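Reconstruct the complex from the two isolated chains, following the hints.
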Amino acid sequence: MKEIFINIERCTACKSCEIACAVEHSLSKELFSAIFETPLPAKRVHVEKAFSFSYPVKCMHCADAACIAGCPTGAMYRNHEFGSVNVNTDKCMGCWMCAMVCPFGAIIPDYGIKVAQKCDFCPDRLRKGDEPACVEACPTNAVTFGEVKELFKSKRLLSAERAAKAVLVREDKEITPLEMLRNIGNI
Amino acid sequence: MKIVIIGNGVAALNAVEAIREIDKNCGITIISKENESFYTPCFLANYLSGEIAKDRLYLKNERFYDEQRVETIFGNAVAEIKVEERSIRLSDGRELFYDTLLIAAGSNPIMPKLPNIEGGGVFSFKTMSDADRIISNLKKINSAVIVGAGFIGLEVAEAFIKKGVGVTVIERDNRVLPRMLDNETAELVTSHMEKNGVKIMTGKEVKAICRKKGNIAGIDTKEEIIPCELVVIAVGVAPNLEMIRDNSIKVDKGIIVDDGMRTNIPNIYAAGDIAEMEIQGERKINPIWFYAAKGGRIAGLNMMGLKKRYAAPFTDMNVVTLFGLPVFSAGIQRGSKTLKHQDSKGIKKIYLDENECINGVQLIKDVAKGGLYLSLINKRVPYSLAGG
Ligand SMILES: Cc1cc2nc3c(=O)[nH]c(=O)nc-3n(C[C@H](O)[C@H](O)[C@H](O)COP(=O)(O)OP(=O)(O)OC[C@H]3O[C@@H](n4cnc5c(N)ncnc54)[C@H](O)[C@@H]3O)c2cc1C
Ligand code: SF4
Ligand code: SF4
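Protein chains in written order, with the working numbering: chain X, 1 to 187; chain R, 1001 to 1388.
One should not assume that every hint holds.
List of simulated lysine to any residue pairs, SDA-like, C-alpha gap at most 20 Å [as the list claims (entries may be wrong)]:
#, chain 1, residue 1, chain 2, residue 2
1, X, K2, X, E136
2, R, K1060, X, R78
3, R, K1284, R, D1259
4, X, K114, R, K1284
5, X, K91, R, K1060
6, R, K1140, R, P1109
7, R, K1308, R, I1256
8, X, K114, X, H25
9, X, K91, R, K1140
10, R, K1379, X, D64
11, R, K1054, X, G94
12, X, K91, R, L1059
13, R, K1054, X, G74
14, R, K1060, X, H25
15, R, K1163, R, G1197
Okay, the calculated bits of chain X under chain R, using three or more residues with CB under 8 Å as the criterion [stated by the list, open to error]:
#, region
16, 68 to 76
17, 100 to 113
Simulated from the structure, these hints should not be mistaken for laboratory data.
Everything numeric in this text was worked out from a predicted model, so none of it was measured.
Using N, Cα and C, we set each Cβ at its ideal position, and we do this for glycine too.
So here's chain R without its partners, still in its complex pose (with noise of 0.2 Å):
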């Protein structure tokens, strides 16, 4: 059997390692678009500010592809699926024909249409070399904007304040971590944020971008224009979906996949950022690391001929420290009632719903028991503090 990965993040490598548990000599091959050994995108901001070394983010030894058997194409892109075929072309021509394919291509930064961001000084911040093309710039400057204060936002704006560059995150949404947290929770973070030096604009919408000659000058807002010298995009990301070039393999947002990570087509399976449960006529996207590497895993596991089922829901979560504080969100924070407690060891936010099942927690500060409510949140076991 011919199995082949599109991409070489964590849900294709989950997958490898399911794949040998259970048969050792099937033919791999994993192609990759960049030219880089397996590594973490989730420390980057580290990186970036010079925390830590580039080796840090490499996850695998050299060995490792060799070890598993696995014949790797990096620098080399999925130009076009051919369902038919059973085929991949790549970016330099060549084709490759597969029994058992797996889509693990991620998602690309979305990249919003404004005026002047063609050109230089505007930077995504998704891959390897995104930072490596920052960290070239950075000399060069004195100030910086940031669009969007997602948790990736605002983890650039604290190793730009680490490299001595003035930064200004603008937020199109009322405040910041906008899928994470609530206005409440919101504001200590960006409190947090500006004592630290970051100015944080929330509720602006980014017009345009201004360039004199060529070289970014300033960031657009309807008010006010905020002078700059470089503009880091980070407004979220949407699967890559560049190698789709049909309509035999379904698709909405992302390519569209059962609780088995199996697509329409039976032997296509799709995970990580790249891939759109459905479950019970529910569909998510979730581009969280966690959610990859299980993805894969079973994804894996299922092209093998195994019968195994995402069991978890699809929940919402995540953790980010800024500036050394840890901020925890689970779930949706919403709901018809509101618990709060707060003490020395940080602040809890809990929100449940008519039926008194929690939907949403935020932790600040200590957020060590963060998975028990999740499990909770999963399982939707009644919190029900009367009078509480």
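If we strip away everything but chain X, and leave its shape as in the complex, we get (with noise of 0.2 Å):
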């Protein structure tokens, strides 16, 4: 199964990933239509900046997805095509008990209309042997797409902690960057 791997120390937030994610997301998929389009798409993946550090939140598709087992409506289900976490946007509720335990902060409350959104792996661009669209526009390659290894796995939930780190402390604006540097370095 084929996973995305996010590469903390190569992303310079140019927000490619965004900005594809947001297409692949419209109605039309091509950018300068999109951009006509109410309500505006949504990306499902957003570059937190942290001073000298940038890092593209989005859902790492966990094999024990805790959104899963927090859901209690069975709208978030494991689409076993791709292996993927999915909503079934008819089936939420807006209850946001996703968000109370997804540890990357992956869900997209849109509390208007009270449903949960994420990264769907880009299913219509899979079925075709195609890259997810934040994978495919990103140009320092922050963002990859293969075959799950242990390695891999390991490093990438450090970096995932350490963006979590970073996204939090982010919002506190009091903090120096020094102090950012020695909150990340803690992890």
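Right, here's the structure in full:
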């Protein structure tokens, strides 16, 4: 089964992945028409910048997915075709239990329509044999797609934890860049 | 091998799915007191308010039990577990033998011993039939009192307002959502509830229920009588130990299990609201969906001979949406240092311990990052905001 791997050191915060994701999840799947759609197509990957640090935050399609166990409607499910974790928006009640337990902050609540959104692994693209849109768009190979290797897995988790820390600490404006780096080093 | 599961909730169903991943053929029998197919209790208040139809609560289609080759006995309670005989006795007197047993009978609503609590007009809010009974009484009434301002009490209050029923919530503690929030954030939730028409009284102990000719007339706190026509008791839940009749299975508040959901009896497991986990000398009941689902799965795998352990700590957490306002809480809302951040997206409040690790987090309005904080709490990562 193929997985997305994120290399935190390579991300330059160019946000190509965000744009590609939004376009892939638009009605037209074309950038120039997508920007005129209402509502604007939503991206499911967010590049979080923390001073000298940036990182694309998205669903890791965990093997033992907390969001599936936490979902009390059965809306969150494993798509066995691609091994991905997806939301059935018809079943979702917008209770945010998935956001409560996702260790990566990868759930994007749509508070308006009370539906959880998240990375869906671009099933239309995978079916055609293409890579997910964010992977294809990333100019520095910070986001790559391939077979799972144990080494990759442990490294991936480490960087995800760092990202968690970066995302959270960034919000507290009081912190200085030096403290920021120290915090990241702490993990 | 013959497996018997007591209960038909999320812990039971997760166990079934785990067992079937490993063994497609062993005999599985589910016994449930309620005569209902598997449903989620988490949205009963949305059903009460009329926002969703009943069928949205049922999470598996009719064929599920057949497809999983599970025999079902619904509408029949287990009255006794006979550990020596490896059997259970049902309320209709039937006896059933098992090789391995999973007790997943959930929790019962706590009903305080108040004068006049027995009789019509007083309801708990735990099961589908509780919700149905309240719905069938709603047309006859204009005002209700809810005893308890936990998340279930407040959800029911919202549903009553949406049904046009005036509602007062009485809470013994000094604030709403006492297990989730501190005074400051609870105050915000209180004013939000009040703006939406719910009357909230905190720091008030209910002394008695008043009746006139058998009908509910009001609720007596020490200071005053609050008139109402219907009462919902929502003061919490406790493990349902009704089928434990002797001392062989170790219980405290719930059935004591280790991190593999094993009881002290080798072929008996427990999971979900009924289980009290004992890890490194500490005991904890955590009656929420996530832990019931996880626990059920681990129990199922271990019943099949695997050695799975519950890895994550058993942190308190919950998220509830009240009149459109999401409220998240994880951990303990106490500490040696408090951090607060407020902007257009909402409020975030963090409690740190002396080592600068996160004790607890409360999020109001934007709860998207709740799980990130939860993982930082669980991993004891220092937050170290020096000078912050
Ligand atoms: C109104 C409400 C709202 C909730 N909202 C949330 C929420 O938003 N988020 C959250 O995480 N959690 C919520 N919860 C809690 C969550 O629903 C429970 O933690 C979860 O359902 C527990 O699952 P369980 O399998 O242990 O037990 P249950 O789902 O309670 O199932 C117990 C089963 O055992 C059966 N049973 C009981 N006694 C016997 C007997 N003697 N013999 C045979 N069968 C028996 C019952 O019929 C039932 O099938 C809510 C609960 C309620 C009541
Ligand atoms: S939403 Fe979060 S918990 Fe669920 S699979 Fe994705 S990263 Fe894992
Ligand atoms: S918000 Fe939707 S997908 Fe997430 S846990 Fe609730 S019902 Fe499931």
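- Message: Run the distance test for R/K1284 versus R/D1259: straight-line Cα separation, threshold 20 Å.
- Response: With Cα atoms ~11 Å apart, R/K1284 and R/D1259 stay inside 20 Å; holds.
- Message: For a C-alpha distance cap of 20 Å, please report whether R/K1163 and R/G1197 respect it.
- Response: Answer holds: R/K1163 to R/G1197 is near 12 Å, not above 20 Å.
- Message: For a C-alpha distance cap of 20 Å, please report whether R/K1379 and X/D64 respect it.
- Response: Cα-Cα ~17 Å, so holds.
- Regarding the pair X/K91 and R/K1060, is the alpha-carbon distance no greater than 20 Å? Holds: X/K91 and R/K1060 sit about 12 Å apart, inside 20 Å.
- Do the alpha carbons of X/K2 and X/E136 lie within 20 Å of each other, as the hint requires? holds, 15 Å
- Query: Given the proposed pairing of X/K91 with R/L1059, does the C-alpha separation stay at or below 20 Å?
  - Reply: holds, 9 Å
- Message: Please check whether the region 68 to 76 of chain X has three or more residues whose CB lies within less than 8 Å of a CB on chain R.
- Response: Our answer is that it holds, as 5 residues pass the Cβ test (under 8 Å) against chain R, meeting three.
- Message: What's the verdict on X/K91 and R/K1140, does the C-alpha distance respect the 20 Å limit or exceed it?
- Response: Distance of about 32 Å is beyond 20 Å: violated.
- Item | Straight-line alpha-carbon gap R/K1054 to X/G94, limit 20 Å | holds, 17 Å
- Query: Quick one, are X/K114 and R/K1284 close enough, alpha carbons at most 20 Å?
  - Reply: violated, 32 Å
- Message: Holds or violated: R/K1060 and X/R78, Cα atoms, limit 20 Å.
- Response: OK: R/K1060 and X/R78 at ~16 Å, within 20 Å.
- Message: Taking beta carbons only, do three or more residues of the region 100 to 113 of chain X come closer than 8 Å to chain R?
- Response: holds (count 10)
Consistency with the previously given hints fails for numbers 4, 6, 9 and 14, ordered from lowest to highest.
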